[in-house]
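Use the sequences and the hints to build the structure in full.
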Amino acid sequence: MSIELVDVYVWYRKEDYVLRGVNVKISNNTVILGPNGSGKTTLIRSILGFVVSRKGRVLIDGVDVDSITGAIGLISTNLREVMINSKQSVKSVVEFILKLTNGDYKYFEDIVTRFTGRDVLKKNFTELSEGQKKIVLNALALASRAKYIVLDEPFEGLDPARRAAMLNEIQKTSGVKIMSTHVTWMLKNLLDWDLYLVVEGCVYGPLKVSELGELKISSKPVEDAVLTIKLKSGSQVYLSKTTGIPLSSLDTLDKLYEVIS
Amino acid sequence: MTTATVWRFYVREIFKRWEFWILAIILNVLWQSTGAYIFSKYAIPLEVRQEISAEVLRRVALLYTGGWYGIVALFMLSFIAIALVHIICNSIVSVRYLSKYSKVSALRLFTGLALAALTAVFIAMFFLLGSTVVFYSHEFYDLKELLTPKNYLGIVAVTVAGGLFTYLLSMTLALLVVVLKKPRMLTPMSFVPIILAFILGYTANYAENIEIQVLPFALIVRLSEHYYSSITIDITKPSVKVFIAEVRGEPLNPTDPLLVWLMLISWITLFTLISILLFKKQKGINIEEILG
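These protein sequence lines are chains A and B, in that order.
Residue numbering for the first sequence follows my numbering, beginning at 66 and increasing consecutively.
Residue numbering for the second sequence follows my numbering, beginning at 130 and increasing consecutively.
Simulated from the structure, these hints should not be mistaken for lab results.
Predicted model, so just to flag it, every value in this text is computed and none were measured.
A virtual CB, placed ideally from N, CA and C, is assigned to each residue, including glycine.
Errors might be hidden in some of the hints.
Subject to a maximum C-alpha distance of 30 Å in a straight line, what follows is the list of computed DSS-like cross-link-like pairs (lysine-lysine) [as the list claims (entries may be wrong)]:
(1) A:K198 to B:K232
(2) A:K164 to B:K273
(3) B:K412 to A:K90
(4) A:K212 to A:K171
Partner residues are not named here, just some residues of chain B that face chain A (Cβ under 7 Å, in silico) [what the hints assert, rightly or not]:
(5) K145
(6) F149
(7) N219
(8) K409
(9) G413
(10) N415
What follows is the structure, given as structure tokens:
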């Protein structure tokens, strides 16, 4: 049982691909790592079946994502579009969504209370700060108790203490977690997770997170390259165990381009 | 059970828009009091009220009250449409997730929302009916006699049909915003029903053109008037002329209420089909384009 993307292309404007020839198979906890704007969120939307301009196949447990309906507890996500744009309180909206997805509202309330306090539950979602919104959306995804929990940038807008606590929360929640991020600080805690790199719409992998820690990045050709990343500019980037700057020294993958240049 | 959950959520959502309800109530009171205390003095002058028999006065007062009930009912429905356009449009994106990964299908969700809209219409109707009876009974009888509808069942039926039409019109407008990929058009679009109701509702009172009289706005007003006061429906004449003819006992070309119902049902069917078509079309729009 897995999530599988086979030769997936996604575009929002003709001939301008956001994802190009993506082949991914996810059956364990997985990190999708890439710089901002590389196509991570689009990849997540493709997995969920939200992307319309697409070719290639997306299969969830062998079933085409476009044909899935009423699959309670199959996938949950922290994407903004899950939250109904409402005048009601966070409590009312989330209670409604979790009732429809057979989720665990008590668990949601527990996470939100521990991370931001109970006041958030009484407020309207649009009144929350970016960090509070992220906590609510993460908690909603985790409390759905789904088989696959898809989290897009779950640490964005959180302060360092809450980031660590959120990582801990994500790790202890059951289900296969798929997490996209551009930061690398948490990788040392996820050594047994699988990892895909997303750069300029192409997806590379899978690797083990533990392997990534040993890799170095170089713009000069390397004979023992584990991965070769082709950029739109025509140049290539090589990941190897021997040559270049250690990837672990970059706190964010956004610095990838700085390293290359 | 799922539909009931959706219904409860959206009833709360509709009533959470308190600013819209306050505005609707204020305007309703304004229209009703204008009709009862200002225009009535011109339509049925005080000296005429003293000259005619009590029986004729009651019939004329009821016709006048029924006419105002019809037009204000139309405005009230259009006000509900403002909220509905926003709610439907705001739910479109979430429907994609919920219909795939929860127990609610798109059909159930929009059925629950339609039931919530009808609940709001019912509550508005009771308020509207109550205020109509109080204002006009006060003007004509100092509340010693009440000008109540002649046919309550008919009033309820036309309110449900009007509510359904309002819901489908709101659905069409909300889906148009999505299909045209113009999220910024949402607020202007939500005011289209009230603009149409004002223009076409008032025009139907005075315009001789049959084309205006067969539009859903005019049909809702005509049926409301008819069930409130038992006034004959004659769609070949504007409401005001029908009222004058009824008062003077002049001949009319009665239109069978069943025919008016058939026309209204045809409009409801047409907007149902347009909504289904637009709903299918919006599935081809990327979320980024909807979120703007």
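Evaluation of the provided hints:
1. A:K198 to B:K232: Roughly 25 Å separates the two Cα atoms, so the pair holds.
2. A:K164 to B:K273: violated, 52 Å
3. B:K412 to A:K90: holds, 26 Å
4. A:K212 to A:K171: holds, 18 Å
5. K145: Holds: closest Cβ of chain A sits about 4 Å from B:K145, inside 7 Å.
6. F149: violated, 10 Å
7. N219: holds, 4 Å
8. K409: The hint is violated - B:K409 has no Cβ within 7 Å of chain A, the shortest such distance being about 12 Å.
9. G413: Because about 5 Å separates B:G413 from the closest Cβ in chain A, which is inside the 7 Å limit, the hint holds.
10. N415: holds, 5 Å
Of the hints listed earlier, those the structure fails to meet are numbers 2, 6, 8, in rising order.
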